Amino acid sequence: MFGKTPKKKTTSYRRNFKNFKINEFVEELYKIDLINITANGTNINESFDIFFNTIEGLLITMAPRRKQTKNEKRLEQRPWITKGLLKSMQIRDSLYKELSNGNPETKKNISIRHKYYRNLIVTLLRRSKENYYKNYFDKNKNNVKKTWDGIRNILAVSKKNTINIDQLNCKNRQLSSNSDKANALNDFFTNIGPLIEKKVPKAKNDFKFYLKIQIQIKWNWYYVMRLK
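923 is the number that this note's numbering gives the last residue of the sequence shown; the numbers go up by one with no jumps.
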């Protein structure tokens, strides 16, 4: 019996730099006496934690974390979509709305502009994606794991979900420790061949009994030299 761990929904966060001002951030950094603050630590690890938490606290104030939207998550999975392409997509979508609700007299001009942006975006998306993966594979040509990750992304093949076995029922025993579960699975798969063999009934006759016509085959091997 396998006990499956339920899949947890992960929530992604990112810093909101919309109202972040780098000059004000630098000014606030100068006001912090990092030497005296980090001196309060009893060892290097505590000093680093104090330093990190001080900078983190300043970032939380000036660039707080916020929950990622679905569109932001999708864009992270498609990094070849640049800000320029996003801007063009917004223009394309606004033209489509005007085309649906606009004046019949102006629909022709709007339709021409909409088709232009639509076709342009399709072309640029293909080119941008091609350049992205070309640079990606050139950068990771010596990294087999990254190379296969890129291939999976192109083919839209997701990695198999890992199943955690919380409990294993083996020979009327409930196994919960990792070592017991590993030994039980190893014992099962290493002995599966002999166990199946025992269940196969023994043949009454030898295989030679069914070979009524004996075929004599003689093999002769000759050295062959390639002619130039």
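Where hints are given, some of them may not hold.
Derived lysine-lysine pairs resembling DSS-like cross-links, with alpha carbons at most 25 Å apart [unchecked claim]:
#1 897 <-> 907
#2 907 <-> 894
#3 765 <-> 792
#4 897 <-> 876
#5 762 <-> 713
#6 716 <-> 778
#7 778 <-> 834
#8 768 <-> 840
#9 765 <-> 803
#10 834 <-> 824
#11 907 <-> 893
#12 778 <-> 713
#13 782 <-> 824
#14 782 <-> 810
#15 802 <-> 792
#16 768 <-> 713
#17 713 <-> 726
#18 876 <-> 768
#19 782 <-> 716
#20 768 <-> 834
#21 840 <-> 829
#22 792 <-> 803
These are calculated hints, taken from the structure and not from any lab test.
Please read these numbers as outputs of a predicted model, since none were measured by experiment.
Query raised in the report: Regarding the pair residue 765 and residue 803, is the alpha-carbon distance no greater than 25 Å?
Result: violated (34 Å)
Requested in this report: Sort out whether residue 810 lies within 25 Å of residue 782, counting only the CA atoms.
Outcome: holds (16 Å)
Query - 25 Å Cα cutoff - pair residue 778, residue 834 - result: holds (23 Å)
Query raised in the report: Given the proposed pairing of residue 876 with residue 768, does the C-alpha separation stay at or below 25 Å?
Result: Roughly 37 Å separates the two Cα atoms, so the pair is violated.
**Report entry** Holds or violated: residue 792 to residue 803, with C-alpha atoms at most 25 Å apart
**Finding:** holds (14 Å)
Report task. Please work out if residue 768 and residue 834 have their alpha carbons no farther apart than 25 Å. Result -> holds (24 Å)
**Report entry** Restraint status (C-alpha distance of residue 782 to residue 716 at most 25 Å)
**Finding:** holds (24 Å)
Query raised in the report: Under the criterion that the straight-line Cα-Cα distance not exceed 25 Å, is the pair residue 716, residue 778 satisfied?
Result: holds (21 Å)
Report task. Starting from residue 778, check that the Cα of residue 713 is at most 25 Å away, please. Result -> holds (15 Å)
Requested in this report: Compare the distance between the alpha carbons of residue 897 and residue 907 with 25 Å, and conclude whether the hinted pair is satisfied.
Outcome: holds (21 Å)
Query raised in the report: Going straight from one Cα to the other, do residue 897 and residue 876 come out at no more than 25 Å?
Result: violated (34 Å)
Query - Given pair status - residue 792, residue 802, alpha carbons within 25 Å - result: holds (11 Å)
Of the numbered hints listed earlier, those contradicted by the structure are 2, 4, 9, 11, 18.
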